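A.B. asks: Each chain is listed here by its residues.
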Amino acid sequence: MKKIAIYGKGGIGKSTTTANVSAALANLGYKVMQIGCDPKADSTSMLMGGRPLPTILETLRNKNNSEVALNDVVFRGFGGVLCAECGGPTPGMGCAGRGIIASFEKLASLNAYEIYRPDVVFYDVLGDVVCGGFAMPLRKGYADEIYIVTSGEKMSLFAARNIARAVDQFKGWGYAQLKGIILNARGVAEESELVKRAASEIGTDVVAEIPRDPRIQVCEEKNMTVIEGEPDSSLAETYRRLAQKIVD
Amino acid sequence: MKLDDISLEGKCLRLSEVVEDVALPKTADAQYPGSHCAFRTVAGILPLIKNSYGLLLGPAICLYNAKLTVNIRSLTSDPRPNNLLFLTYSQDDIIFGFHKKVREAILEVDRKYHPEVLFLVTTCLQEIIGEDFDASVEEIQRMVKARLLVIHTDNFTCEDAAPGIENVFLSLSELMEPQETVEGSINLLGFWTSKAKTTELARLLGSEGIKIKNAIPSYCSPEDLSRAPGVSLNIALDHFALKLAKKMKEMFGTEYIYCERPYHPDSIELWYQKIADASGIDLDLKVADLKRETEELISQAKGSFSGKSCALFGQPGRTLDMAFLLSELGIELKAIMLHRLLSDDYRDAQKLLAEGIDPLVFRGDNALQTEKLLSTLRPDICIGCRDYGVLARQGIEPCMLIPSHFKLGFEATNEILNLMRQEPAGFWALRYKEQLLNNGAV
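Residue numbers (the numbering used here), protein chains in the order written: chain A, 62 to 309; chain B, -6 to 435.
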């Protein structure tokens, strides 16, 4: 089982990329699980046809903890991808980081990984490693590998460096290791070069370049991944290549 | 005695090495639950405000420790009414926020108990998460009759209960309203027990036509507090209350003086002088008479105590002035437990050092370290330490001074001299147990 965490600046396309990679791997025959680690709970939306999932935290809150079963919090989406959303509090209230920890603990106590035996698990994590809770996918063996999604925009690269620094800081603790940068292009001048240079400074490589392409938005509008909505497009092929690279 | 024998090298200083207005170096991480915890301490203060309830909000263990502290106090000579209510936070509350649960609890308390004031006391947990609790309470305030006052205990900011205690004092200022000044009336700020109006200070002031209007927080009602600014003078008896005195000056222009409780007759004389000057009265003759009586008691007590050694634990007010009193009795001061040296303490320290008295000072962060220190120093008496089990084990005589905290001025010192001759109730049983153990009973 490969366990992969996807980080990156807010709004940079982490969920879109993750959902497309999950869908691509599912089409390639892999058993995939995608866990959204963001209080907005929108990571798996494109895999679920736009249907919002009951989040793990809401379910725990509304049901007696001991009565919560795996099928209350894990749902099958496009291509059989197993989808779960941690969820979280209303913005400005409570502790979303603690919520991520509680969700992970619940999935572990329900033996989610042993029962579903996914080949690949993706953790799609909120913008940045803002506190210990959002570092949770990096530790305790939840994820082994990390990919950072970025564009060539200055603030996005700044966030990427920041995340890489956090990963580097924890490398002696047996945390997940950085495997590469995914460039999700925004049309910045010399974007590819900029991101490659940043990757090199961080000490990693750019593993894929997703071009700026209006088909992404078109599919998103239909609550679909590109793999589902435009399966024969070159863009879908790009996602498939990235997916293959990740599992290889 | 070498300090490295007790693993306190560089941490347990001599008095001469301590700098003014600086917390002493810590000897260990603070031990919780313990005297460092502001949540516990605040739980002990709130029962002093009449017609109020305290709603303590936190994880179960913090609530348990606060409840335990209050229960233990109820067995001492300073029991306090139980006006505390407890609301336990679950993991759900941590994740999703406290607002809803707190609102329901406040509404219920308001409906069931009708408090005039409801203190809402937060733990570190809530403060670290950083939810805007004050704004949330402000919103609830519109729905209830009780005046809601939030007390942040801020314990994670320091290993000291001070921020929580100061916040209680500051919160009381929110109950106060502008008043016409009544000449010849004063407030005592920082008097923690009842009986303020029967103290020597009250009698002396009363004899000159000055009345103590309120002792704060000593069993004041919200109405007392609302009228508290209408005095000609506030006397702040400790540095916690000083915050309130400054706040009242800022809000209402109430004049104040800061005079921590003294213990040595010379210091008490100056203390009364300062109060008399600020109140525009002359107490010299009466004070001289009282001083003479206390000096006589001291000279009689010398026979009993001279040549003994002691460890002194922090007292209300000027601990180092108490040390000076003990040295006057001929007692050798081996160690003093203090957290911080304030400006008055610094002057008292200089007085001790000028007499060649330079004891160890320590913070007492950890009970085991304190026990080790006591077993190394082997003082004959331990003044103010409440861990009688340790003292019985070490063969050290305890001296319990709580009844003296109810008094002010020379009468407090007289009471101390009296209490130093008494063994705390029940100590004989602990000593007997130790004898049995030493004789191989177990």
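Keep in mind the hints are simulated off the structure, nothing from the lab.
Among the clues, some could well be false.
What the hints assert, rightly or not - Non-contacting residues of chain A with respect to chain B, defined by C-beta distances greater than 10 Å in every case (computed):
1) Gly72
2) Met109
3) Leu121
4) Val129
5) Thr151
6) Arg159
7) Ala163
As the list claims (entries may be wrong) - Label-pair ranges, simulated between beta-carbon atoms:
8) B:Lys93 - A:Asp133: 53 to 63 Å
9) B:Thr150 - A:Ser253: 40 to 50 Å
10) B:Ser83 - A:Lys232: 49 to 59 Å
11) A:Gly153 - B:Thr150: 46 to 56 Å
Values in this document were obtained by computation on a predicted structure and should not be read as measured data.
Just so you know, even glycine gets a beta-carbon here, dropped at the ideal spot from N, CA and C.
A.B. asks: Tell me the numbers of any earlier hints that the structure contravenes, in ascending order.
C.D. replies: The structure breaks hints 3, 5, 6, 7, 8, 10 and 11; every other hint is satisfied.
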